[in-house]
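Number of protein chains: 2
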Amino acid sequence: MNRMTAISPGAEAADPAALVTRLAEAARLAQRTLAAMPSAARAAALHLAADALRAATPAVLEANAKDLAAGKANGLSGAMLDRLALDDARIAGIADAVAAVADLPDPVGQVIDQSEQPNGLKFQRIRVPIGVIGIIYESRPNVTADATALCVRAGNAALLRGGSEAVHSNRAIHAALVEGLIQGGVPAEAVPLIPSQDRACVGAMLTASGLIDMIVPRGGKSLVARVQADARVPVLAHLDGINHTYIHHAADPAMAEAIAVNAKLRRTGICGSMETLLIDSAYPKAAALVAALIDAGCEVRGDGRAQALDRRVIPASANDWDTEYLDAIASVAVVDGLEDALAHIARHSSAHTDVIVTADEAAAERFLAEVDSAIVMHNASSQYADGGEFGLGAEIGIATGRLHARGPVALEGLTTYKWQVRGSGQTRP
Amino acid sequence: MNRMTAISPGAEAADPAALVTRLAEAARLAQRTLAAMPSAARAAALHLAADALRAATPAVLEANAKDLAAGKANGLSGAMLDRLALDDARIAGIADAVAAVADLPDPVGQVIDQSEQPNGLKFQRIRVPIGVIGIIYESRPNVTADATALCVRAGNAALLRGGSEAVHSNRAIHAALVEGLIQGGVPAEAVPLIPSQDRACVGAMLTASGLIDMIVPRGGKSLVARVQADARVPVLAHLDGINHTYIHHAADPAMAEAIAVNAKLRRTGICGSMETLLIDSAYPKAAALVAALIDAGCEVRGDGRAQALDRRVIPASANDWDTEYLDAIASVAVVDGLEDALAHIARHSSAHTDVIVTADEAAAERFLAEVDSAIVMHNASSQYADGGEFGLGAEIGIATGRLHARGPVALEGLTTYKWQVRGSGQTRP
Numbered sequence: 001m002n003r004m005t006a007i008s009p010g011a012e013a014a015d016p017a018a019l020v021t022r023l024a025e026a027a028r029l030a031q032r033t034l035a036a037m038p039s040a041a042r043a044a045a046l047h048l049a050a051d052a053l054r055a056a057t058p059a060v061l062e063a064n065a066k067d068l069a070a071g072k073a074n075g076l077s078g079a080m081l082d083r084l085a086l087d088d089a090r091i092a093g094i095a096d097a098v099a100a101v102a103d104l105p106d107p108v109g110q111v112i113d114q115s116e117q118p119n120g121l122k123f124q125r126i127r128v129p130i131g132v133i134g135i136i137y138e139s140r141p142n143v144t145a146d147a148t149a150l151c152v153r154a155g156n157a158a159l160l161r162g163g164s165e166a167v168h169s170n171r172a173i174h175a176a177l178v179e180g181l182i183q184g185g186v187p188a189e190a191v192p193l194i195p196s197q198d199r200a201c202v203g204a205m206l207t208a209s210g211l212i213d214m215i216v217p218r219g220g221k222s223l224v225a226r227v228q229a230d231a232r233v234p235v236l237a238h239l240d241g242i243n244h245t246y247i248h249h250a251a252d253p254a255m256a257e258a259i260a261v262n263a264k265l266r267r268t269g270i271c272g273s274m275e276t277l278l279i280d281s282a283y284p285k286a287a288a289l290v291a292a293l294i295d296a297g298c299e300v301r302g303d304g305r306a307q308a309l310d311r312r313v314i315p316a317s318a319n320d321w322d323t324e325y326l327d328a329i330a331s332v333a334v335v336d337g338l339e340d341a342l343a344h345i346a347r348h349s350s351a352h353t354d355v356i357v358t359a360d361e362a363a364a365e366r367f368l369a370e371v372d373s374a375i376v377m378h379n380a381s382s383q384y385a386d387g388g389e390f391g392l393g394a395e396i397g398i399a400t401g402r403l404h405a406r407g408p409v410a411l412e413g414l415t416t417y418k419w420q421v422r423g424s425g426q427t428r429p
Numbered sequence: 001m002n003r004m005t006a007i008s009p010g011a012e013a014a015d016p017a018a019l020v021t022r023l024a025e026a027a028r029l030a031q032r033t034l035a036a037m038p039s040a041a042r043a044a045a046l047h048l049a050a051d052a053l054r055a056a057t058p059a060v061l062e063a064n065a066k067d068l069a070a071g072k073a074n075g076l077s078g079a080m081l082d083r084l085a086l087d088d089a090r091i092a093g094i095a096d097a098v099a100a101v102a103d104l105p106d107p108v109g110q111v112i113d114q115s116e117q118p119n120g121l122k123f124q125r126i127r128v129p130i131g132v133i134g135i136i137y138e139s140r141p142n143v144t145a146d147a148t149a150l151c152v153r154a155g156n157a158a159l160l161r162g163g164s165e166a167v168h169s170n171r172a173i174h175a176a177l178v179e180g181l182i183q184g185g186v187p188a189e190a191v192p193l194i195p196s197q198d199r200a201c202v203g204a205m206l207t208a209s210g211l212i213d214m215i216v217p218r219g220g221k222s223l224v225a226r227v228q229a230d231a232r233v234p235v236l237a238h239l240d241g242i243n244h245t246y247i248h249h250a251a252d253p254a255m256a257e258a259i260a261v262n263a264k265l266r267r268t269g270i271c272g273s274m275e276t277l278l279i280d281s282a283y284p285k286a287a288a289l290v291a292a293l294i295d296a297g298c299e300v301r302g303d304g305r306a307q308a309l310d311r312r313v314i315p316a317s318a319n320d321w322d323t324e325y326l327d328a329i330a331s332v333a334v335v336d337g338l339e340d341a342l343a344h345i346a347r348h349s350s351a352h353t354d355v356i357v358t359a360d361e362a363a364a365e366r367f368l369a370e371v372d373s374a375i376v377m378h379n380a381s382s383q384y385a386d387g388g389e390f391g392l393g394a395e396i397g398i399a400t401g402r403l404h405a406r407g408p409v410a411l412e413g414l415t416t417y418k419w420q421v422r423g424s425g426q427t428r429p
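As given, the protein sequences belong to chains F and S, one line each in that order.
The first sequence begins at 1 in full-length UniProt numbering and counts up by one.
The second sequence begins at 1 in full-length UniProt numbering and counts up by one.
The set of hints was computed from the structure by calculation and includes no laboratory data.
Some hints could be false.
For identical chains, the list gives no copy identity; a pair is met inside one copy or between any two copies.
[Said to hold, decoys possible] Straight line, CA to CA, 35 Å or less: simulated DSBU-like cross-link-like pairs of lysine-lysine:
1. K72 to K221
2. K285 to K122
3. K122 to K221
4. K221 to K66
5. K66 to K122
These numbers were taken from a predicted model, which means no experiment stands behind them.
Working from the sequences, and respecting the hints, build out all of it.
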C-alpha cells in the first residue's frame, strides 16, 4: 500500500516530497477508519483529546517556554511573541474549544436532498468527509488543536504544518491530542504533524494533487499569497479583508457612529474589521461621525470631501482604498448615493464583508442583493464576521473565493457529498 | 473600466492574453446585468435564443458544411466527423435543449438556510451566480448552445472556447443565440465566443485568475488533462470514468446479466459506461454472465479466474484495471467477497460511478457507504450516470473532484452563495 516504506529515514529527511507522500498516503488510509467510525465515537475521541491536552498543561508550558526563548533570541516582534505565548488559561481555552467542536452536530451522513424518478430509481445526496486536508499555519499554536478538532469531527484526516517558531509548542499540543485520539480509536496517522523546520515540506504539500484534497492556509497575507500562487491542490482561503461600511443618508446617527467605531476599533487585527468608511454626501451627521472615529483613537485618511469634515483627517493616497490596515487606521470617502457606494465597493472590496447602515429597507435590500461579497450586512458591525457569531460553532477560516464554501467555513465546509442511487434492476433504454 | 480598450485589434490578435482579459472584463460587467434580471426575464431570453437558433437552421447547416468539408480535407476520423455533423433534427434538438433549460427551476435567490442568533442578528445563505465561467470544448457544436443556456439560466457569463474544427458551426450557432438573447435583454458581452484558431487563448483562459471564476472543460481526456495541469483557475472536471460493476454472490442472475450488458454496451463511448466487471467468487452464475457479455459483442479481458470461466476471455494486463476503454471491451476480475471488491475499487476506481448488484440489503448499504465515488449505485446500470436521468434537467458535466460539486453538475453547481446578515444596530461586545 505504501510505496515509500522502503525509503530510509535519512533519505526521507532529505526528500520532503517523499515524506509528505508517505504521511499523506498513511493519512488517507487512516481517514477511512475515521470515516467509518460512528459520529458519537469521533466526538468521544475528541473529548478524550481535550482531556489529554488539559492533563498535559505542564508539558505544553515547558515546550512553549522554549519557543518563547528562541523567539526572543531571534528578535520576534512583541505581537508575534504574544501570538505564540501560552499560559494556563490559554491552554484551558484551547482544550475547551476542542470539546466544543466535539459537541457540534455532525454534518457527515446528512441527506442534502432526495428524489425518485418515474422509473423507480431513488436518489439521495449525502454529506461525506472531503478526505485529507492540509493545514498550513503560522505562529498561533492553538491552530494545531482547532484544525485537528474540526477535521476529525467531520471525518477528515489533517496534515498539520505549523510555523517553525512554534515547533515545540505544536509538538507538545499534538502529542497530547494524539494520545487522547488513540484512546478514542482514531489512528494517529490521521493527524500527522509535518516537520516545520523544512520549508520544502510546504511546497510538497501544495503540489500533492491526489494525495491532499484541500489546503487551508491560516496566517498572514504573505503565507496565504504564497499558498495561492503555488498550490496545485484546491485552496480554501481569503487574502484581504478590505471591508466597507456604507453610511446611507437614512442611517440613524447614533447607530451609524456605534457601528463604525465598533467595526473599526473593537479589534483592529482581525479580518472582519472595517478598513473603509463610505459616508453618503446626503448623510446629515458626517462631521460628527468622523470626529467620533478620531476621538476614539483612529487615524482617518480621507478624500477631499472627507478632509473637509474634520481638519484632523489626513489626505488619502490612491493605495489607501485597497489597503487592509489591520490597525487603528481607516480610509474615509464621501459618496453620492447608493449607486456610487456600490461602484466604490465593486472596485475596491475584497469580497469579505461589506455593511450598509440605513433605516431605508429598500436601500438595504438593494445593497444586500447587489454587493457581491461573501458576507453582506445591514445595520450590524462587520466585526461579527466570524463562524462562532454566525452560530456555526467554530470556523476553519473565512473564504473569499467563490467555489465550494464562502464566508465563515465550519464543519459543513469540510465535507463534500456523494450520490447514492438505489434501484431494482433498472437498465437504461 | 476596461483597461484594454486602447489596444488596437491588430495588436490584440497578437496578444491572446489581452484579448481574453478584455472579453472577460466585459463579461463580468455584463454578468451584473444578467444577475440583476428577474429569473423570468432570463428564461424568456433563452426561449428567444432557442427560437432564433431554429430560424437560423439554414445558416447553421451552411456553416456546418464548411467545417465538414475542412474536416474531411484534414483527415478527421469518421467518429470525429459524426460528432461535428449537424442536420435539421440535430439543430432542432439543440434548440429544444436550450428551451428546456430555460424552463428549469432557477436556483438563484434560493435560501439555503437561515437562522437567528440570541442577539437578534438574522442570517440567510442565498444562492448567487458564480460569475464568469470559461467553457473549453472540442468538436461537438451543441456545447456552444448547452453551455450558454446553463450559464445564462443561473445568471453567469460564459466565455465559450470551442474547437477549431467546428469554428464555422460554433460561430453560426453563437450568432443565432446572441440575436435571441439580445432581444431578451441579455448583453451579448455576457457570452463571448473566444477565437478558436489561436491555441494560446486557451492558455490565457486557464491562467485568468480573478477574471474567470471557474473553467469547465468538455472533451476528451487529453483536453481535460491539459486543463487540469495548466489551470490556475478552479476547474470542474472529470478525467476518467473507470466504473465498476460488482456482482455480489447474492445477486439475482437475470438482473446481474441485464445490468452488466447494459452498463457496458448500451453506449460504450460515454463516461458512465462500465469498464470493469467484478464477479464474486461465490456468485453461482459467473460463467453465464461472462458468456452473455461476450455473446453481446464485448471483448472480455480477464484475470486468471475470469479466464477459467470462458475460453474466449483474453488475459488482462496490469494496465487493464486502470483503463477507460470507451469501447466494447471490459476487464473482468473474480473477487473474494465484498471486502475484496471494495479494495479493488478503492485501488482502481476513478471515483465516477460504481455499482453493486445484490439482493442482500446489508451488503448494498455497506457498498453505498464505503465506496468513495461521486456516484454509487445499487441494482442499476451505471449508464444512468447522467444529469437528465438524475432529474437535474441537464448537466454541464460530471465532476469527479471532491470540492464544490460532485457527480452530475447542473444549475445548482453553477451557483455559489452569499451570507446576508440583517441587524438592528448590533455592535460586537
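Consistency of the hints with the structure:
Taking identical chains as interchangeable, the C-alpha atoms of K72 and K221 lie at most 35 Å apart only when both belong to the same chain, with a minimum of 23 Å there against 54 Å between chains. Taking the shortest Cα distances, K285 and K122 sit within 35 Å of each other only across copies (28 Å), while inside one copy they are farther apart (60 Å). Taking the closest pair of Cα atoms, K122 and K221 come within 35 Å of each other only across two copies (30 Å); inside a single copy the shortest separation is 46 Å, beyond that limit. For a Cα distance limit of 35 Å, the shortest separation of K221 from K66 inside one copy, 27 Å, qualifies, whereas the shortest one across copies, 53 Å, does not.
For the homomeric pair K66 and K122, neither the shortest alpha-carbon distance inside one copy (59 Å) nor that between copies (45 Å) is at most 35 Å.
Of the numbered hints listed earlier, the single one contradicted by the structure is hint 5.
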